[in-house]
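Enquirer: Add chain F to chain Y, keeping to what the hints say.
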Amino acid sequence: MIKVNDLHKSFGDLEVLKGIDAEVKEKEVVCVIGPSGSGKSTFLRCMNHLEEITSGDVVIDGESLRDPKVNINKLRSQVGMVFQHFNLFPHKSVLENVTLGPIKVKGISKEEAEKSALELLAKVGLSDKADVYPKSLSGGQKQRVAIARALAMNPKVMLFDEPTSALDPELVGDVLQAMKDLAIEGMTMVVVTHEMGFAREMGDRVIFMDEGIIMEEGPPSQIFDDPQHPRTKEFLSKII
Amino acid sequence: MIEQLTEIFTSTHFRTTLPYIYRGLQVTLFITFVGVIIGFILGTIFGLARLSKSKIIYGLATVYIELVRGTPILVQALFLYFAVSDFFGINFDAVTAGIIAIAINAGAYIAEIVRGGVESVDKGQMEAGRSIGLSSTQTMRYIIWPQAFRRMIPPLGNQFIISLKDTSIFAVISVGEVTFLLRQYVSTTGETFVPYIMLCLAYLVITIPAMLILRRVERRLDV
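These protein sequences, in sequence, are chains Y and F.
Numbering follows our numbering, in which position 189 of the first sequence is assigned residue number 530; successive positions increment by one, without gaps.
Numbering follows our numbering, in which position 72 of the second sequence is assigned residue number 109; successive positions increment by one, without gaps.
No lab work stands behind these hints, which were simulated from the structure alone.
Model, not experiment: these values are computed from the prediction.
Heads up, some of the hints might be wrong.
Keeping only pairs whose Cα atoms sit at most 30 Å apart, straight-line, the calculated DSS-like set for lysine-lysine is [to be verified]:
id, chain 1, residue 1, chain 2, residue 2
1, Y, K447, Y, K470
2, F, K160, Y, K476
3, Y, K433, Y, K410
4, F, K90, Y, K359
5, F, K160, Y, K445
6, Y, K521, F, K160
7, Y, K366, Y, K344
8, F, K202, Y, K445
9, F, K90, Y, K447
Residues from chain F that face chain Y, not an exhaustive set, calculated with beta carbons under 8 Å [said to hold, decoys possible]:
id, residue
10, G161
11, G170
12, Q175
13, Y233
Heads up, the beta-carbon is just placed ideally off N, CA and C, and yes, glycines get one too.
So that you can see chain Y by itself, here it is in the shape it has in the complex:
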């Protein structure tokens, strides 16, 4: 589904990603962990071209992000993204947040878009919030709306950029549950996270990044119970 070949990303003189090779298969849930500043968020953001790729390539479902013939907007509509700070549209109601993409990008009728938006909101447990504005929602509710907004585009893959890091601890559970439901349904997911419990339980594979490269990757059992690289050991010993 996603192939990353020798991905480099620099901001000015600072090289953040120093050659990443990775693959995400269909229906796979890949969790990316690592210390802050390791480049894991940048890696994720390169996968839907929110960051311009310096060199190397990202191929999504056979289409290269660097191919000038590829319609980047269309490609992005197939890659859902959930942000750390939700980034809901504050001037639009919850329902409008979810229907905007389908109406404006896919050209679906308003009625149809609203019907499927309500189904998605029900799925994330927010049917009763369709007509309110984001500012009256809790962080956890906002993030679940953001998930519904991304899902409304029927993406082939969902990217999560530290989706629970900005939440109060008691609100994390609902968001993780929504993500688990999604994983169980077979959504292809790449999750940058500090939630090791989620990575262990739901991840098919865990990638440990540090200093702009992938230090180690493998099934959760291996990464968490028998890490090979000293940096992985050091990181895990600090956070668990």
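Expert: Frame of chain Y; chain F shown alone:
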């Protein structure tokens, strides 16, 4: 002193200036409204140009904004009405010159309001818009602009009030706005005190309600 005061309060000039004020304010308001509306269009274009990645577009917008902001509106009006018409042989009537001057002047200030408004919208909004597949133009139109515009309303209201007061300097190019007409009244009657009080009141009758409305709108928008 007391005698003078009684004279003022019984003055007939309160009444006899009214037709001048009525006629003059119409011209003042006309120039202000038309000028500020054109200024808003110019300001939007140049404000967005200031956000452009293209150095040429950015540079052109910057030149316009700095030239206008760096010179007094009186000089701009004189330049437009006398220099431009002499040099290019274009003759505007005074009101048109006034409208153009207000539009160009307000446009430069509004450009900065527009730029500030758009820049004040969180960067994550653009990313969220792009991530669901909207183009950058669509994201600007549906996501960024509506939020930016809300924040622009208070400074735009302010600019309207400033532009309204600025129209008074067009008296020097014989635009028949309220200040010009009251000065005419003064020069024919020789009376100064009451006519100029009436002139102040003429502006305040517009600006004070405008400020009150603005404050209400601000509270409603809770910006």
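Enquirer: Now tell me if each hint is right for this structure.
Expert: Hint check results:
A distance of roughly 24 Å separates the Cα atoms of K447/Y and K470/Y; the hinted pair therefore holds under the 30 Å criterion. Taking the CA atoms of K160/F and K476/Y, the gap is about 18 Å. The hint holds against a cut of 30 Å. Straight-line distance between C-alpha atoms of K433/Y and K410/Y comes to about 33 Å, which puts the hinted pair past the 30 Å bound. Proposed proximity of K90/F and K359/Y is supported: the alpha carbons are some 27 Å apart, at most 30 Å.
The suggested pairing of K160/F with K445/Y holds, with an alpha-carbon distance near 21 Å, which does not exceed 30 Å. At most 30 Å may separate the alpha-carbon atoms for a hinted pair to count; K521/Y and K160/F meet this at roughly 29 Å. Straight-line distance between C-alpha atoms of K366/Y and K344/Y comes to about 9 Å, which keeps the hinted pair within the 30 Å bound. Of the pairs offered as hints, the one joining K202/F and K445/Y is violated, with about 43 Å between alpha carbons and a cut-off of 30 Å exceeded.
Among the hinted pairs, K90/F with K447/Y is consistent with the structure: their alpha-carbon atoms are about 28 Å apart, no more than 30 Å. Proximity of G161/F to chain Y holds as hinted, the smallest CB-CB distance being about 4 Å (cut-off 8 Å). Checking G170/F against chain Y by beta carbon gives a least distance of about 3 Å; that is within 8 Å, so the hint holds. A hinted interface residue such as Q175/F counts as satisfied when its beta carbon comes closer than 8 Å to some beta carbon of chain Y; here the least separation is about 6 Å, so the hint holds.
Here the hint on Y233/F is broken, as its CB sits about 46 Å from the closest CB of chain Y, past 8 Å.
Violation of the numbered hints given earlier is confined to hints 3, 8, 13; the remaining hints are satisfied by the structure.
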